[in-house]
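Visitor: First to last, the sequence lines map onto chains A and B.
Quick note, the working numbering runs 20 ahead of the 1-based positions in the first sequence.
Quick note, the working numbering runs 20 ahead of the 1-based positions in the second sequence.
Note that these hints are calculated values from the structure, not bench results.
Cross-link-like lysine-lysine pairs, in silico, DSSO-like; alpha carbons within 27 Å at most:
#1 K148(A) x K169(B)
#2 K48(A) x K72(A)
#3 K169(A) x K116(A)
#4 K148(A) x K97(B)
#5 K169(A) x K146(B)
#6 K169(B) x K169(A)
#7 K146(A) x K97(B)
#8 K97(A) x K146(B)
#9 K218(B) x K236(B)
If you anchor each label on the Cβ, the simulated ranges turn out as follows:
#10 E42(B) x R333(A): 26 to 32 Å
#11 W49(A) x G103(B): 51 to 57 Å
#12 A105(A) x K81(B): 54 to 60 Å
#13 E42(B) x A105(A): 44 to 50 Å
Computed from a predicted model, the values in this text were never measured in an experiment.
Idealized CB from N, CA, C, for every residue including glycine.
Number of protein chains: 2
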Amino acid sequence: MAFCIGVDIGGTTVKLGIFEEEGRNIEKWEIPTFTENEGVRILPDIAEAIKKKMVQLELKKEDCLGIGVGVPAPVTKEGVVNGTANLGWKYKEVKKELEELTGISSVIGNDANVAALGEMWQGGGKGKQDLVMVTLGTGVGTGFIVGGKLIVGSHGAGGEGGHIRVNYEETESCGCGNRGCLEQYASATGIVRLAKKKLAQETRDTLLTKKEISAKSVFDAVKAKDDVAMEIAEEFGTYLAYGLSNMAALSDPSIFVIGGGVSKAGSVLIDYVEKKYREVAFFANRDVEFALASLGNDAGIIGAAKLALDAVR
Amino acid sequence: MAFCIGVDIGGTTVKLGIFEEEGRNIEKWEIPTFTENEGVRILPDIAEAIKKKMVQLELKKEDCLGIGVGVPAPVTKEGVVNGTANLGWKYKEVKKELEELTGISSVIGNDANVAALGEMWQGGGKGKQDLVMVTLGTGVGTGFIVGGKLIVGSHGAGGEGGHIRVNYEETESCGCGNRGCLEQYASATGIVRLAKKKLAQETRDTLLTKKEISAKSVFDAVKAKDDVAMEIAEEFGTYLAYGLSNMAALSDPSIFVIGGGVSKAGSVLIDYVEKKYREVAFFANRDVEFALASLGNDAGIIGAAKLALDAVR
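Only chain A is shown next, with the shape it has when bound in the complex (with noise of 0.2 Å):
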């Protein structure tokens, strides 16, 4: 049975699945990632895993298509990363040493990329050939498809919309250096920033309370009509339409996928986006479906699956 392997690799644990060509779920499990000594052991760790449950589901070298793997860096059309935050690794060639310690051809990509091309192939934008999804964590991550292919870029470093600029205003600095990128208003922390900003100046009664403020706690106070909380996401909203219509602007997708913990707040957040999304857009991109994302924190491992199989097709 010809199968294929999906790896993504997270700071804390590596996820992994064993895939029937058609998109079947055979096998998931995890292992922890061991970042230390500059993460030299994780790929050997992979390896070794991918190894044992060969031979514990009988399944033969010659019968693997390809492992697909998801990094959280910018990784080069050659299958090389030049450094990553979370992991450890300095310049690593990825696709050629996994390649030698599996015997197996083997595809990398970026992590938010691979989530997109997941998300389009089992996930909320089933059956879209051009799609963009956002994944609203921590940071603001972005894939961008399309025609069915994946924006990869000269740098490995397409699909970057977590930096766009939204607010040419802002004072305060993103993570990457920048002002008014657009993670500083759509990510979890940015929520939280624009909540406390908020607060700080609030007289009215809300259900919000300075100390514990999270995304989760202002979308909870909106379902229950808090005028503040309301006013939040109308901001967080803005600024997100405001991203994604300069996306539209470049690749002028049919849907807009949105995951990532954020979006757990599910429809009552996509209408705060939405609807500002068709005032601002760019006329000819206005016609543009939204959904959340459906597969949670397996999308990585199918989005891996799909870029080996894409690789041999």
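Given chain A, put chain B in place with the hints provided.
Guide: Showing chain B alone in chain A's frame:
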């Protein structure tokens, strides 16, 4: 001898070119664009012109690899246009109609995208695979090439970088109805707008006069070290750099190719943009080359010919 045909449809003239497979131009000529009656004559006139020229040059239809066409409007993947500002066309099945008229397979693209393809093939971006072309003319057109392929988008409206927002505080409207689009600052008319605003409150001596202000007069004054003009160029460069940095965050190019009438100012224009770009771009996208477009008015027919070639290769 195998050959292909490039067609660039403009509001006043249609440019046509016949090219050998390797890119050498054999013939180029122009015909007028008759936009009357919803532009009903345009495609028949083009078909007629092509047929005549092929007879004259003794070229056989079976040796023609295809016709590529650039159109000043969004074009779907199926070669359909849903309205144009300058040609009179409303809904038009350009590919189907031209193929019926000529009996030769045709590929239709947006003119700014097609010009980008031309500059990649034979012009300022020769040899590159990840390119953004920005055409600074009456408006701002952009074409995005990623991995050697044009970004067309789901509505054929990919690469509309002129309508990325670079100023959220703008009070005047862009032609598209939004406010703060790149086009309002970096086009020929945008530069004039910036200059007029500046001159209205300027007390210093300057070579610029309110009456005869143009993109050319501004950059001529910059070359003469006129302080006021240099400040206008600085402002232009800042907005364009913001626009380019947003574009780069998505498509991660290795080169920006700057064309259009405004780019005749030459390297001084690049200087203003490039310096600012290095300051404001996302760190992973900073290492990008800047080049002037080199094909001038021929970019359209050359890119259209390439579009036809890519479809059969």
